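Sequences are here, hints too, so could you generate the full structure?
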Amino acid sequence: MQDVEALYEIFPDEILGSGQFGVVYGGRHRKKQRDVAIKVIDKLRFPTREEAQLKNEVAILQNLRHPGVVNLDRMFETEERVFVIMEKMRGDMLEMILTSQQGRLTEREAKYLTAQILVALRYLHLRSIVHCDLKPENVLLTCPVGPSYAVAQRFPLAKLCDFGFARIIGDKSFRRSLVGTPAYLAPEVLKNKGYNRAIDMWSVGVIMYVSLSGTFPFNEDEEITDQINNAAFMFPAKPWQEISEQAIDLITKLLQLKLKKRYSVARSLNHEWMQDFTAATNLIGFDSLQDYVSWSDLRRLEASIGKGKRFLTASGDDSTWEAFRNVWNSKKDNGSQLPEWQAIGWNNQCQFSSVLYRATEQI
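Quick note on numbering: the sequence shown equals residues 23 to 385 in my numbering.
Hint data in this document are derived by calculation from the structure and do not stem from the laboratory.
Just so you know, nobody snuck in bad clues.
Between beta-carbon pairs, the in silico distance windows are:
#1 124 - 246: 23 to 31 Å
#2 33 - 352: 52 to 60 Å
#3 53 - 261: 46 to 54 Å
Here are the computed lysine to any residue pairs in the SDA-like style, where the Cα-Cα straight-line distance is at most 20 Å:
#4 157 - 112
#5 53 - 96
#6 157 - 249
#7 54 - 28
#8 110 - 29
#9 275 - 252
#10 65 - 34
#11 157 - 253
#12 110 - 57
#13 213 - 249
#14 53 - 29
#15 213 - 280
#16 77 - 25
#17 77 - 189
#18 77 - 95
#19 77 - 87
#20 110 - 157
#21 110 - 91
#22 65 - 98
#23 283 - 253
#24 275 - 296
#25 280 - 204
#26 282 - 251
#27 275 - 237
#28 215 - 246
#29 260 - 270
#30 260 - 125
#31 157 - 46
Being a predicted model, the structure only gives us computed values, none of them experimental.
Note that beta-carbon positions come from the ideal geometry of N, C-alpha and C, so glycine has one too.
Now the structure itself:
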């Protein structure tokens, strides 16, 4: 077997992160000069169970190819260590939330990232793969985030990572083994009941809540597990009065105790908060403009990846939004013209007629 250091240079001073399996270092493919992330696991130090979780992650990732899932390059194993080579990312969703100006994301940003998470989950669930540990830390970003970076970097490509707890669960199957991170776990897992792919959807609901509010949907004075088991979540006026009813409605439909009532990936993607294309054909108003901006954000991301990939939007929607733009621009009272999707900016301020969007405000 080839030596990992013969193919890859490992940078011991560049620590990208650490977790239950070991340390992740920056590295580079020696021949291709391509940056990578190298997860190094000390087999003598870590329990056999955790080593098994790592191999479970590798076994699942090596068969996945999707823009919304982190790419696995290869794995090396010696008597003492395991090396997992993956594509190098630049930040994560939790860091993005924490470094936001208000300690939470705008609806435009949250919708942009939630759409990517849901599309990646759709890919996984169609293959009977349940992530089982969704949380902002496991949503990696292609751009570094923070107050010192450009606003355009608030709209990066997002990829799901850390498949150590992932399971193969059929559409009508259930599992019982304990998985995941408590704050994002669905009540059926905490109650040790059978669970299926619906546990990922509960986690998406918590991620949405955290993204839009900067806090967990729990009262610190009460036991978290009790609140999860009872789905006792509150939407206090600050900041939820600034957030759309549609966003709150989707969160509520995801944080459902009964699995049959909890929204699936398909229903979530069709929810009006994500994109109400019907509204665009019937209405010329602020809500439709928001949807056009969100659709444009995703189209620009697809275009930036290249190769003509359409994994976030459907080509059949192009004519719908072009018709919306034409009707909007035909209205004399709308003032300035609504540009094509390629020209919708990611800058702090975009003004169309009397409608003003600021990055710190709800769109």
